[in-house]
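A.B. asks: So you can see what is in the structure, the chains are spelled out below.
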Amino acid sequence: MRISPTKFISLLFFVLSVFYLYTAYNIQVFAFDENAPFNARTFPIYLGWAGIILSSLKIILPDKATTEVNHKHLDYKSIIYLIIISLIYAAVILKIGYFISTSLFLFASYYFLGERRWGLMFILSFPFVAAFMYLLHGLLNIYLRDPFLKYIGVMG
Amino acid sequence: MIEGILIGLSTALSLTNILMVMVGCFAGTIIGMLPGLGPMTAIALMIPITYGFDPSTGLILMAGVYYGAVFGGSTSSILLNAPGIPGTVATAFDGYPMAQQGKAGKALAIAAYSSFAGGTISAIFLLVAAPSLSKVSLAFRSPDYFALMILGLTAISAFSSKGQFLKAMMMVVLGLMLATVGQDSLSDITRFTFNNMNLTDGISFVLIVMATFAMSEALTIIFRGKDPNRAAKQISLTELGSIKVNKEETIKMAKTIPRSSILGFLIGVLPGAGATIASFLAYGMERNYVNEEEKQKFGKGSVHGLSAPETANNAACSGSFVPLLTLGIPGSGTTAVMLGALLGFGIQPGPRLYQTNPEIFWSVIMSMYIGMVVLLILNLPLIPYIARILAVPRNYLIPLILFFSVTGIYLMSFNNFDIFLMIGIAVVATFLRLYDFPMPPLILAFVLGGLMEETLRRSLLISDGSPNFLWDRPITLIILLITVTIVGWQIFSTFRKKN
Chain A
1 MRISPTKFIS
11 LLFFVLSVFY
21 LYTAYNIQVF
31 AFDENAPFNA
41 RTFPIYLGWA
51 GIILSSLKII
61 LPDKATTEVN
71 HKHLDYKSII
81 YLIIISLIYA
91 AVILKIGYFI
101 STSLFLFASY
111 YFLGERRWGL
121 MFILSFPFVA
131 AFMYLLHGLL
141 NIYLRDPFLK
151 YIGVMG
Chain B
157 MIEGILIGLS
167 TALSLTNILM
177 VMVGCFAGTI
187 IGMLPGLGPM
197 TAIALMIPIT
207 YGFDPSTGLI
217 LMAGVYYGAV
227 FGGSTSSILL
237 NAPGIPGTVA
247 TAFDGYPMAQ
257 QGKAGKALAI
267 AAYSSFAGGT
277 ISAIFLLVAA
287 PSLSKVSLAF
297 RSPDYFALMI
307 LGLTAISAFS
317 SKGQFLKAMM
327 MVVLGLMLAT
337 VGQDSLSDIT
347 RFTFNNMNLT
357 DGISFVLIVM
367 ATFAMSEALT
377 IIFRGKDPNR
387 AAKQISLTEL
397 GSIKVNKEET
407 IKMAKTIPRS
417 SILGFLIGVL
427 PGAGATIASF
437 LAYGMERNYV
447 NEEEKQKFGK
457 GSVHGLSAPE
467 TANNAACSGS
477 FVPLLTLGIP
487 GSGTTAVMLG
497 ALLGFGIQPG
507 PRLYQTNPEI
517 FWSVIMSMYI
527 GMVVLLILNL
537 PLIPYIARIL
547 AVPRNYLIPL
557 ILFFSVTGIY
567 LMSFNNFDIF
577 LMIGIAVVAT
587 FLRLYDFPMP
597 PLILAFVLGG
607 LMEETLRRSL
617 LISDGSPNFL
627 WDRPITLIIL
637 LITVTIVGWQ
647 IFSTFRKKN
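Residue numbers (the numbering used here), protein chains in the order written: chain A, 1 to 156; chain B, 157 to 655.
Hints are not guaranteed to be accurate.
Said to hold, decoys possible - Label pairs and their in silico Cβ distance ranges:
no., chain 1, residue 1, chain 2, residue 2, range
1, B, 209, A, 18, 27 to 35 Å
2, A, 12, B, 351, 42 to 50 Å
3, A, 69, B, 415, 34 to 42 Å
4, A, 62, B, 623, 31 to 39 Å
5, B, 452, A, 18, 52 to 60 Å
6, A, 57, B, 444, 41 to 49 Å
7, A, 46, B, 644, 47 to 55 Å
8, A, 127, B, 288, 53 to 61 Å
9, A, 148, B, 161, 53 to 61 Å
10, B, 284, A, 69, 48 to 56 Å
11, A, 12, B, 549, 31 to 39 Å
12, B, 353, A, 141, 42 to 50 Å
13, A, 148, B, 205, 39 to 47 Å
For the record, the hints were derived by calculation from the structure and aren't laboratory data.
Since we're looking at a predicted model, the values are computed, not measured.
Using N, Cα and C, we set each Cβ at its ideal position, and we do this for glycine too.
Model the full assembly from the supplied sequences, consistent with the hints where possible.
C.D. replies: This is the structure:
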């Protein structure tokens with residue numbers, strides 16, 4: 001038996017709702033709040049049940065207008081590269097600072113998306129981020145944490 | 157009243173103040189276009205600058221920034237499908253498809269005209285009806301607000317995704333679930349944080365909207381890069397089109413604007429409801445008003461579909477000043493920041509303001525209106541230049557969208573957990589979008605989640621845990637009956653199609 005992707009997602013949502021409901025019932029409330037008409041558990045419990053009911057309906061009811069996606073047309077390679085460099089970017093932004101990490105992220109993203117005009121890639125990464133940082137930090141006075149620029153004395 | 161209007165106008169039309177409003181509109185548009193920086197942030201940024209000015213000049217600068225940021229938010233919704241604020245989410249439904257069809261300039265022009273018209277009509281309402289409307293807003297109680305939010309969520313589920321009502325309702329529940337993460341507002345008990353300190357304050361709205369709109373849109377474009385139909389769409393992204401609105405489109409706007417203005421203003425008057433609910437309800441209402449042929453165009457670049465939420469969100473912006481100025485209660489996040497600014501100038505909004513300091517009352521109203529006029533004059537000629545953002549090739553545009561998304565989050569928290577969370581949510585949202593699970597219901601549910609729980613809490617506590625509050629008050633009952641009708645209609649139309 002083949003299960004449609006929509007029903008599969010609904011099944012995952014059903015599992016999520018069951019887990020959410022279980023966690024909701026286990027929320028620790030104050031002793032005096034335990035039998036109150038409304039406490040920190042009430043709303044999540046309603047939501048858990050709503051999730052279970054809706055996902056069950058989606059699984060049970062016939063789905064004639066199901067969405068079909070042709071996987072041959074999906075570019076898995078590019079999206080995986082992009083997600084990986086985004087994760088690396090997120091991991092290093094605090095350590096090496098906003099300027100270098102963002103510039104390298106932009107440069108790498110252009111490269112993985114097929115761009116090979118090196119000059120333009122450079123301008124739209126390092127100088128672009130510098131100008132953006134000046135707009136935020138210099139003109140709008142929005143603090144941007146950057147240990148590297150602080151170390152070399154560019155930022156206060 | 158005439159005397160008050162004249163005092164307000166004479167203050168707002170001095171050379172210094174006109175210059176301030178122009179600077180404010182321009183700065184607001186730029187800030188509003190940056191994902192993550194909406195009118196609330198823009199006004200907050202201006203507060204320290206305005207302290208050196210006299211109150212009316214400071215307020216006029218903020219008025220310019222406010223409307224500029226709202227217009228800027230609409231611009232990023234239309235061009236990038238990246239709404240910076242919840243009030244412009246509905247604008248993206250038809251604005252973004254219109255931009256994809258090579259009518260970006262036209263979409264921005266329609267948004268500008270609709271915003272202006274909505275703002276103008278609601279400013280007139282504000283002048284005439286402000287004192288008496290405050291009484292109406294006081295008549296709404298917690299059960300009515302709860303019912304109103306249920307109606308808003310049902311309406312968005314019914315109208316945002318044709319024939320996918322159950323999927324949309326699942327997204328509503330998911331949005332509400334995400335909104336419950338963090339500390340409970342009353343008891344401070346942490347929920348669904350799994351002992352992670354980063355989740356104690358909950359998930360921020362900007363993070364959710366960046367992940368589900370901007371970032372997942374960017375990932376979807378890459379993901380479907382090999383799809384021949386999708387590739388054809390991307391080519392048209394480079395076409396900017398004219399900003400001229402033809403006669404047929406003007407007639408459509410002329411029909412939409414009055415009803416959306418009235419609805420937007422009335423919703424805006426209700427504290428807490430604000431521009432978001434107004435824009436979604438106006439979108440849904442408009443879809444019901446138009447004929448079958450126009451209905452089919454909704455979600456694909458309809459003029460009605462773009463004009464209605466844009467008119468309503470601006471009308472609601474003016475409407476939200478009613479509870480602020482007459483009751484001293486801010487009706488939205490933005491008016492809450494404005495309240496802070498007014499208090500900073502030593503002005504205490506409230507029932508007495510209208511009687512004791514009419515010049516300030518009218519100056520604020522007039523400065524808001526002048527801000528809107530200047531915005532239209534200033535931004536319309538700039539639309540072709542703003543729209544050129546679409547001509548940026550995909551290889552550059554996608555990384556830049558990701559960059560703005562990450563920066564928006566980084567600026568808020570300076571921690572990388574939020575960036576990881578955003579990437580995770582964006583990946584899930586990309587797959588959900590692939591199978592037509594709509595994102596707007598999730599966003600609206602997330603925004604309303606906290607308020608919805610609060611109103612349900614009050615309603616249940618007042619009724620001692622009994623569900624009677626759902627039918628005790630006529631307003632609640634009427635709103636819930638409308639909700640039931642929408643659900644019933646969805647079920648009926650689904651069965652009708654299958655047979």
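A.B. asks: Determine for every hint whether it applies to the structure shown.
C.D. replies: Against the structure, the hints come out as follows:
1. Distance hint for residue 209 of chain B and residue 18 of chain A: a CB-CB separation of about 57 Å, inconsistent with the stated range 27 to 35 Å.
2. Checking the proposed 42 to 50 Å range against residue 12 of chain A and residue 351 of chain B shows it is violated: the Cβ atoms sit about 24 Å from each other.
3. Checked against the hint of 34 to 42 Å, the C-beta distance between residue 69 of chain A and residue 415 of chain B comes to roughly 38 Å, which is consistent with it.
4. Checked against the hint of 31 to 39 Å, the pair residue 62 of chain A and residue 623 of chain B passes, with Cβ atoms roughly 32 Å apart.
5. The hint said 52 to 60 Å for the Cβ distance between residue 452 of chain B and residue 18 of chain A, and at roughly 39 Å that hint is violated.
6. For residue 57 of chain A and residue 444 of chain B, the Cβ-Cβ distance of about 25 Å falls outside the hinted range of 41 to 49 Å, so the restraint is violated.
7. For residue 46 of chain A and residue 644 of chain B, the Cβ-Cβ distance of about 21 Å falls outside the hinted range of 47 to 55 Å, so the restraint is violated.
8. Take residue 127 of chain A and residue 288 of chain B: their Cβ atoms lie about 57 Å apart, and the range 53 to 61 Å holds.
9. In this structure, residue 148 of chain A and residue 161 of chain B meet the distance hint of 53 to 61 Å, their C-beta atoms being roughly 56 Å apart.
10. At about 53 Å, the CB distance of residue 284 of chain B to residue 69 of chain A agrees with the hint of 48 to 56 Å.
11. Checked against the given bound of 31 to 39 Å, the beta carbons of residue 12 of chain A and residue 549 of chain B, roughly 36 Å apart, stay inside it.
12. For the hinted restraint 42 to 50 Å between residue 353 of chain B and residue 141 of chain A, the CB-CB distance of approximately 28 Å leaves it violated.
13. At roughly 30 Å, the beta carbons of residue 148 of chain A and residue 205 of chain B sit outside the given window of 39 to 47 Å.
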